[in-house]
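Chain order of the listed sequences is A and B. Note that our numbering has the first sequence beginning at 1414, numbered continuously upward. Note that our numbering has the second sequence beginning at 14, numbered continuously upward.
You may find that some hints are simply not true.
Stated by the list, open to error - Simulated crosslink set (PhoX-like; lysine-lysine; CA at most 20 Å straight-line):
(1) K1528(A) <-> K226(B)
(2) K1461(A) <-> K1528(A)
(3) K1572(A) <-> K168(B)
(4) K489(B) <-> K1528(A)
(5) K1461(A) <-> K1652(A)
(6) K1662(A) <-> K1652(A)
(7) K601(B) <-> K489(B)
(8) K236(B) <-> K226(B)
(9) K103(B) <-> K168(B)
(10) K236(B) <-> K1572(A)
(11) K1528(A) <-> K1576(A)
In case anyone wonders, no lab produced these hints; they're calculated from the structure. A quick note: this is a predicted structure, and the numbers were derived from the prediction, not measured.
Each chain is listed here by its residues.
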Amino acid sequence: MATDQIVTSQVPEQASAPDAGSGLVIETRNLTKVYRDFWGRRKVAALKSLDIEVKRGEIFGLLGPNGSGKSTTIKLILGLLFPTSGRVLVFDQDATETRKNERIGYLPEESYLYKFLTTDETLDFYGRLFDLSGEERKRRIDELVELVGLQGARHRQLKEYSKGMTRRVGLAQALINNPDLILLDEPTTGLDPIGTRDMKDLILSLRDQGKTVLLCSHQLSDVQDVCDRVAILHQGELKELGRVSELLKVQDVTEVHARGLSEAAKSEIAEVIRRHGGTVESIDNPTTTMEELFLNIVRESERRPGARRVTSDPADVDTPPADDSTKSRAQK
Amino acid sequence: MMLQPEDFWSFSEWLLRPESFLESALLQGVVLVALAILVGLLIGYLVSAGRYGPGEGFYAVARAVRDLVRDDLPGTSARRIYALARLAAKEAFRRRVLVVVALFMVGLLFAGWYLDRRSSDPARLYISFVLTATNYLILFLALFISTFSLPADIKNRTIYTIVTKPVRATEIVLGRIFGFIGVGTLMLAPMGVASYFFVTRGLQHDHEVVDIKDLGDGRFEGKLSYDQFHDHTFTLDAPAGPDEVALGLTDAVRGHRHVVRRIGDRYVIGEPTGALRARIPSYGTLIFTDRAGNLDTKGIDVGSEKAWGGYGSAGVSRLVGVTREARRLEYGYMEGGTLGSAIYTFRNVTPSRYPDEEGIAMEMSLRAFRTIKGDIVSGLNGSITLRNPDNPQIESNPIGFVVQEYDVSEERLPRQLEGTDAGRVRMLDLFEDLVSADGELEVIIRCTDRQQYLGATTSSVYLRPAESSFAWNLAKSYLSIWLQMVMVIAFGVMFSTFLSGPVAMVATFVCVLLGFMAERIYDIRYYMDRGESMGGGPIESLVRLLRQDAMTTDLDVDAVAGKVIQGVDAGLIYTLDVIATSLPNLPKMLGTAEYAASGFDIFGSLLARHSVATLGYVLVAFLIGYFFLKTREIAA
Chain A
1414 MATDQIVTSQ
1424 VPEQASAPDA
1434 GSGLVIETRN
1444 LTKVYRDFWG
1454 RRKVAALKSL
1464 DIEVKRGEIF
1474 GLLGPNGSGK
1484 STTIKLILGL
1494 LFPTSGRVLV
1504 FDQDATETRK
1514 NERIGYLPEE
1524 SYLYKFLTTD
1534 ETLDFYGRLF
1544 DLSGEERKRR
1554 IDELVELVGL
1564 QGARHRQLKE
1574 YSKGMTRRVG
1584 LAQALINNPD
1594 LILLDEPTTG
1604 LDPIGTRDMK
1614 DLILSLRDQG
1624 KTVLLCSHQL
1634 SDVQDVCDRV
1644 AILHQGELKE
1654 LGRVSELLKV
1664 QDVTEVHARG
1674 LSEAAKSEIA
1684 EVIRRHGGTV
1694 ESIDNPTTTM
1704 EELFLNIVRE
1714 SERRPGARRV
1724 TSDPADVDTP
1734 PADDSTKSRA
1744 QK
Chain B
14 MMLQPEDFWS
24 FSEWLLRPES
34 FLESALLQGV
44 VLVALAILVG
54 LLIGYLVSAG
64 RYGPGEGFYA
74 VARAVRDLVR
84 DDLPGTSARR
94 IYALARLAAK
104 EAFRRRVLVV
114 VALFMVGLLF
124 AGWYLDRRSS
134 DPARLYISFV
144 LTATNYLILF
154 LALFISTFSL
164 PADIKNRTIY
174 TIVTKPVRAT
184 EIVLGRIFGF
194 IGVGTLMLAP
204 MGVASYFFVT
214 RGLQHDHEVV
224 DIKDLGDGRF
234 EGKLSYDQFH
244 DHTFTLDAPA
254 GPDEVALGLT
264 DAVRGHRHVV
274 RRIGDRYVIG
284 EPTGALRARI
294 PSYGTLIFTD
304 RAGNLDTKGI
314 DVGSEKAWGG
324 YGSAGVSRLV
334 GVTREARRLE
344 YGYMEGGTLG
354 SAIYTFRNVT
364 PSRYPDEEGI
374 AMEMSLRAFR
384 TIKGDIVSGL
394 NGSITLRNPD
404 NPQIESNPIG
414 FVVQEYDVSE
424 ERLPRQLEGT
434 DAGRVRMLDL
444 FEDLVSADGE
454 LEVIIRCTDR
464 QQYLGATTSS
474 VYLRPAESSF
484 AWNLAKSYLS
494 IWLQMVMVIA
504 FGVMFSTFLS
514 GPVAMVATFV
524 CVLLGFMAER
534 IYDIRYYMDR
544 GESMGGGPIE
554 SLVRLLRQDA
564 MTTDLDVDAV
574 AGKVIQGVDA
584 GLIYTLDVIA
594 TSLPNLPKML
604 GTAEYAASGF
614 DIFGSLLARH
624 SVATLGYVLV
634 AFLIGYFFLK
644 TREIAA
């Protein structure tokens, strides 16, 4: 996916309409959802008195284990479920209002698409649902197919696609209307590490364009990489809410990154720390992440095709040096 | 073909019933729509109130109504409906619905083997076969495609990506309905064309001249070869000159004739004509006279041969208990050799409408009831007398005919005929003397065999001013099938908005079935209301079955049990009656096939009535579907 090619011009009229005052894109008030059986008997309380606010232009993450109420919250926001009590406001309108959908893009947990359509037909169909004109649909489809990197497969039926490719079509349909609010349910499921990285880059670039993103995920590293704020749910209740940078900050530990230090210099720094009453927990060379290792190998392979020397001794693994130019924005 | 009085109504008569508004289709439609809305709102409220409490429940229902009027109807977009319709159609084609067309075509290829070629009326056989086969195939197809699509979308959650777009519930329902109608139409069209060729080609055949006899006066009489299980005799008129073509016509066998030409020594036998027709009948009003010659509205009741009457469709009037009159026709009989007669009065009998110099074509399908065996081989004898309604002194001499039972016999009323004018015998001119100043003509039918009876209804005798094209008539039959398909699709989509696929299919099927049973249910009510023992309602029938009691005896249980059984039955039958009256009367629409098969032009007013009724039901189904989809938690 080529994140630098996102086109933000030609925003539909309704998308640029200002929110009525509050600057809040999503607001839940005392939101409660109780699932009932056929006879109306109470089965399970999926969500209990949830109060969250998602502001314009932020990436908001919903975190939690299975059954914690993440998907229920998203479905309530989309109007796919009705609250048992409390309210959801999206762009200051009730979540059951159809009109709000004109500014929303939604990527479901699994890509619920019509398998007998091709990518072009799929996007054309969803474009028509937004009442886009033929010309505009064609332009948007071309842009999005390029954005999600499906140029070579746009005339194939989705049933021939791999899971990752279907996911990309799902993402493209979510963006067909150039939405102001994008809801992503497990956006990286089924994607390979490159796809995952691209997806994260895309989410960030959407934020940079002033869009609001709400995502829910099990992949804690993804959430950590992209989200500005997170809400952690458990058993239908809100357990934590705040900025990722603040929530993750370990208050009494200091981290220093330096390059090109000699062993003597390291000993001297440790001495200085001890002199100031601190405790040196470790002075070591950092390891890269598995994601970074994988991406570097793939990039190198693309530059120099052919078999790569692999040794069984971990010490011999040819770890390429961290290269600033290839470092993703997601890691910054 | 026996037509009921309601079949003769014009569109406005059917819609408004000026003399009895309670029976009008308009009132029935309005009541139905109002009831559907009221019951829908009530059920919606009860469900919402159960879920959210009485106050919030009311708010939820009110919001659904407000959304429909304020947002969803005005916001409905043709582009979105088109997109959804196209998707529904693509999905149906992906499910290989076209196989049904292929099956139909294969069926037609082999049908010729199994249709009885020795039938006395092969045209009727061929036409009813294709129409019935198409009708049931298309209805079953409509049932399948319309009921499974939406539940499948909800089940595999593809609906999530649709309802999270600015798509209105109105558009989802209409898109589905239109999409499936498109699929059905695309399938019905080739089936119709194939049917046309099947019928016309299937009846096509040829003969050769096998025998020819010179009659001496320049005319010839001959016989054609035995082909397709029949042969013909023919006469050839003398040619105008030695080099001219001699023209002749065969007798009518199995509903058709051939034109025979002799060109020199060569005979050319024309294609069969007259088998595929679309007669446009002009019906009159009927009144009887009893054996003493007094006017009588019903004729003689000969028991079960009269064809039992019943309520027929009488709109809302029957449900509110205003009418207890039979609406269905019964045959009235006239006794032979007495003054008993059936008097038909035809209107608008003018030379411009009947320009044929040979006279007015009149066709009859009378019933015979014999009290003595007599000559069982030949038919009963009757007579036709024409009379001027303004001046009953002027009447023609009786024209004799032999009744052809279960068949349509054609008579010709000649332009010039012998008759009496105030007791004086003279030649009468049909239009000058026998037709009244305002264009009315009385045709009096009598039975001339003593102790035998002839039965007649309004549709038994008609004049035939014109003929329409068979192809157009077949197209009208297909239009009627199309309307039925539209109705089934609308009901299927409606049920699929709140039921799972198989359940929606069963529900739609039950509706179709109840529609088919409607007339029977009306009849059961009719007999119960009249206190006639005809088997009773469901419980009484069961008791009779278990006790092995005859249908027409009194129910043989003690008085209290009898009252309870009949009371419960009355309630059940009344409920069924209400439901059946609310459902589309599919048999009436299916009945148009009978018109085509019998060679009658399908009345335009009848098609107009079916079209309006279909539109009405589609509207009701759309509204109900909308409310269910709107108030449904898609992800629940």
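Results of checking the hints against the structure:
1. K1528(A) <-> K226(B): At roughly 75 Å apart (the allowed maximum being 20 Å), K226(B) and K1528(A) break the hint.
2. K1461(A) <-> K1528(A): violated (37 Å)
3. K1572(A) <-> K168(B): holds (18 Å)
4. K489(B) <-> K1528(A): violated (39 Å)
5. K1461(A) <-> K1652(A): Judged against 20 Å, a Cα distance of about 11 Å means the pair holds.
6. K1662(A) <-> K1652(A): holds (18 Å)
7. K601(B) <-> K489(B): holds (14 Å)
8. K236(B) <-> K226(B): holds (9 Å)
9. K103(B) <-> K168(B): At roughly 19 Å apart (the allowed maximum being 20 Å), K168(B) and K103(B) satisfy the hint.
10. K236(B) <-> K1572(A): violated (68 Å)
11. K1528(A) <-> K1576(A): Within the cut-off at roughly 12 Å; holds.
The earlier numbered hints that this structure contradicts are 1, 2, 4, 10.
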